[in-house]
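**Student:** Here the structure of chain B is known, so what remains is to put chain U in place on it, guided by the hints.
Heads up: the protein sequence lines correspond to chains B and U, in order. Numbered according to full-length UniProt numbering, the first sequence spans residues 1 to 254. Numbered according to full-length UniProt numbering, the second sequence spans residues 1 to 85.
It is worth saying that the hints were derived from the structure and are not from the lab. Be careful, since some hints might not be right.
With a cut-off of at most 20 Å between alpha-carbon atoms, the simulated PhoX-like pairs for lysine-lysine come out as follows [said to hold, decoys possible]:
hint, chain 1, residue 1, chain 2, residue 2
1, B, Lys86, B, Lys115
2, B, Lys71, B, Lys199
3, B, Lys19, B, Lys35
4, B, Lys109, B, Lys86
5, B, Lys199, U, Lys73
6, B, Lys247, B, Lys237
7, U, Lys53, U, Lys63
8, B, Lys19, U, Lys73
9, U, Lys53, B, Lys201
10, B, Lys115, B, Lys208
11, B, Lys35, U, Lys73
12, B, Lys86, B, Lys201
Derived contacts from chain U toward chain B, CB cut-off under 7 Å, selection only [what the hints assert, rightly or not]:
hint, residue
13, Glu17
14, Tyr32
15, Thr77
Heads up, the beta-carbon is just placed ideally off N, CA and C, and yes, glycines get one too.
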Amino acid sequence: MSGLRVLVPIKRVLDYTLKPRINAAQTAVENSALKHSMNPFDELSIEEAVRLRERKVPIDEITVFTAGPPKSQDMLRTAMALGADKGIHVRIEKGPELEPLGVAKLLKKVVEEQKSDLVILGKQSIDDDAGQTGQMLAGLLGWPQATQASKVEITDKTVTVIKEVDGGVETVKANLPMIITTDLRLNEPRYASLPNIMKAKKKPLEKKTLEDYGLDVEPRLKTIKVTEPPPRKGGVKVDDVDGMIGKLKELGAL
Amino acid sequence: MATTPPLRHQVIRIYKELLFLGRDYPLGYDYYRTRLHKAFASQRQLTNDEDIKKGIARAEFVKKEIEALYYLKRYRTLRQRYDVT
Chain B
1 MSGLRVLVPI
11 KRVLDYTLKP
21 RINAAQTAVE
31 NSALKHSMNP
41 FDELSIEEAV
51 RLRERKVPID
61 EITVFTAGPP
71 KSQDMLRTAM
81 ALGADKGIHV
91 RIEKGPELEP
101 LGVAKLLKKV
111 VEEQKSDLVI
121 LGKQSIDDDA
131 GQTGQMLAGL
141 LGWPQATQAS
151 KVEITDKTVT
161 VIKEVDGGVE
171 TVKANLPMII
181 TTDLRLNEPR
191 YASLPNIMKA
201 KKKPLEKKTL
211 EDYGLDVEPR
221 LKTIKVTEPP
231 PRKGGVKVDD
241 VDGMIGKLKE
251 LGAL
Chain U
1 MATTPPLRHQ
11 VIRIYKELLF
21 LGRDYPLGYD
31 YYRTRLHKAF
41 ASQRQLTNDE
51 DIKKGIARAE
61 FVKKEIEALY
71 YLKRYRTLRQ
81 RYDVT
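Just chain B, same shape as in the assembly:
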């Protein structure tokens, strides 16, 4: 039996430690010359793919994929330092970022090209928080999907996934091929060590463009305005219980 071919799409996003600032025109978040890193949920997906292999699930190849500006390559290198075997980079020089549907269409082509059996995505990216790509890809491919995974087990061709849902967990079972999106508690991603980063520089990285896939990814959505959340209003200190009850009544909470 030949092993699985796993595809892990990743995204380069603004580092999670930074506070996003909105540009003057209120059309987008300022992101030039700021620190970027890999989307944390994508790190979980790579880690899961690598752990599946370490648990002796037969995996032939772990491919990481990203679409974005030239600097996204660094993310692919990091991913390969974490244990992926090869990378594919679709260069998008400028213009608007791809939308979830565009990414899903692109990923469908990549899945067909790479003959992947399992796609592990982060459940959402921490920049647009759309959380749609995995689901759309599953729809386009007609594959089963398990979103917000907190545990993944593979035996032969059957995948059992424990999903996090509101107020509990849900266990689903499906046959490969399959789409999985990862949640925060799936695993603990390792840190890319210096020697591994050096080794990753020798791993193969394919460079492609959107034209290679012959895709039309015209944006369908228009961002009208981006604003900061309203600042939190300061609280009030009350002297005693009566004061508190009075205040609560005033606010209509009692």
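**Tutor:** Same frame as chain B, but now just chain U:
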């Protein structure tokens, strides 16, 4: 010492690895680097192989701690952003 002791490489290796980790340190690389350098310099008088090995083991331990610190910091931030409602 006339010849290069074999432990020297190990010490340099772990020092480099720790330096590399410092690039993401919350208090900044400068803060981290000076302290790391001081910590290593304070052990420079060690000549006994056993002591040096112990020092390396301690450095490995610190490395794990720092990795755990980064992981926890990120996990907590994300949990606060996405989980706690």
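**Student:** For each hint, tell me whether it holds in the structure or not.
**Tutor:** Hints, one by one, checked against the model:
no.	hint	in the structure
1	B:Lys86 with B:Lys115	14 Å, holds
2	B:Lys71 with B:Lys199	19 Å, holds
3	B:Lys19 with B:Lys35	11 Å, holds
4	B:Lys109 with B:Lys86	17 Å, holds
5	B:Lys199 with U:Lys73	27 Å, violated
6	B:Lys247 with B:Lys237	10 Å, holds
7	U:Lys53 with U:Lys63	15 Å, holds
8	B:Lys19 with U:Lys73	15 Å, holds
9	U:Lys53 with B:Lys201	31 Å, violated
10	B:Lys115 with B:Lys208	17 Å, holds
11	B:Lys35 with U:Lys73	17 Å, holds
12	B:Lys86 with B:Lys201	10 Å, holds
13	Glu17	5 Å, holds
14	Tyr32	15 Å, violated
15	Thr77	6 Å, holds
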